[in-house]
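Asks: For reference, the chains in residue letters:
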Amino acid sequence: MENSNGNNTKNTQQASEKVLSSEKREDLWAIIIAGIILILCCISPDAIYTFFKKSLFIF
Amino acid sequence: MSLMKSMVADDWQKYIPGLLLCVFFAFVVMNIHHVLAKYHKANEASLAIPRLEKKLSELEAGGASAADIKKIQKKLAKHRKALAKVGGKPGDSWKWATLLYQDLQFKYVAMLLIGGIIIRNTIGVAKIFLPGIGIARPLIKPGIIILGVHYVWSDVAKVGGAGLILTAVFIFGTALAVMYLCKKFGVSDGLGGIMGAGTGVCGVSAIIATSPVVKAKPRDMAYAIGTILLFGTLMLFVMPYLGQALDVSQSQFGAWAALAILNTAQLIAAAEWYGEDARNTAVLINAARIMLIPFIVMYTVWFYDLKENVSADQRGLWNTIKGKFPIFILGFFILVLLNSLHMPFLGGPKVAHTPFWAMNAVYKWFFALGFAGIGLSISIDDMKKAGGVAFLVGSGAATAKMILGLVAVLLIGSELLQVTGGH
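Residue numbers (our numbering), protein chains in the order written: chain L, 1 to 59; chain U, 1 to 423.
Quick caveat, the hints were computed from the structure, so don't treat them as lab data. Every residue gets a Cβ at the ideal spot worked out from N, C-alpha and C, and that includes glycine. Warning: the hint list may mix true and false statements.
To be verified - Listed below are several chain L residues computed to face chain U (Cβ distance under 7 Å; list not exhaustive):
| id | residue |
| --- | --- |
| 1 | Ile31 |
| 2 | Ile37 |
| 3 | Pro45 |
| 4 | Phe52 |
Based on the provided sequences and hints, a complete structural model is requested.
Replies: What follows is the structure in structure tokens.
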């Protein structure tokens, strides 16, 4: 019984660490994506604006 | 190389179908939203143009100042442009668009969430799409970072400061109340601990962060996450209508949503649904709130006196902050800092042809992708997992927090919670 409780705790801990490391990865990706968008907006603000505000709306 | 490898999940291919589904869903809904907005504006213009033309002729006949006349002419030009977009003329009517867009608040947020829930729980979503749908939800994070261009440091100090005090009081108050009641009613430390952290602070993230500390069982996590999701989903749909019925201002609603709704994506969806000013306040207060996650973990350790359960490398305030701090919020604050410096080459969200003006056009698409992910991932079956005494205590505390949060923001007033963006 104690053994199965120990396994459960270990599983929860492993699952939690996996989710937390994926959260960190998501956070880093969010920063990278925002950084890329900032660079693209610095290079060509009008093209980015037109694409997201006009081109993507087809109706 | 190893850093690059750690940034990409081993089985990244499995995310592609679901992500593409979310892109398609968001694209269709954003276009429907665009059409509704266009016809709603045309309907308003059709009614306003004859009124403004009459007013203009009266002003011209009465010898009004050039500034007043110019103001009316500017409004007229704007309405004529809106009417021209749908090829209409004054007197035409598109009442259906105003009914859907303005009266029923049927905007992209509502369409993505309600549509997603309907799709998921009626026709269903094939298993191949599920991993990608899960990965679409965090795409709200780049949107939040980009929103940093809407703020200046004075906003962060004013609204964020008020928000930090409010959230600290509510987070620790709720967490303490839930943990105490769970202990009193004999709920296990594992379930009581994660339920307290979950209802107090940031929902699912806080549950995940505290679960190893309180040695929660997988079933406990399912109960707690089920309760948080169920309550958050209910509030997401109820609060915007409740706010309108109670005539809550935009900034007050933003603060209220940030206090009452436990999940970042859900609270941003509710605030965005209510309006742009509400969203601006909600994002800032939410930033203050999620920075408190490491402290809620420390608090749980203290409450349950569980130091021996925490491994040596995870002990201490600094290690907890390092391990649990949501680093994406740093990106948000970097953009706030850049916007506050008023650098001419970066411009601002309302200064045409500048980088920040272009960035302002992008964030809604990230939100749309994230909301598509939320809608398509809300499964009624998952919510049925909520149950037991912990559910009653958790949802009771969350309801109390919602009511007390409303009272608090009404007492504070709109001005302190208003984001100016430097204007």
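Asks: Run every hint past the structure and note whether it holds.
Replies: Structure-based check of each hint:
The criterion of a C-beta within 7 Å of any C-beta in chain U is met by Ile31 (chain L), whose closest approach is roughly 4 Å, and the hint holds. Because the smallest distance between the Cβ of Ile37 (chain L) and any Cβ of chain U comes to about 6 Å, under 7 Å, the interface hint for this residue holds. For Pro45 (chain L), the shortest C-beta to C-beta distance to chain U is roughly 4 Å, which falls under 7 Å, so the interface hint holds. Hint status for Phe52 (chain L): holds, given a least beta-carbon distance of 4 Å to chain U, under 7 Å.
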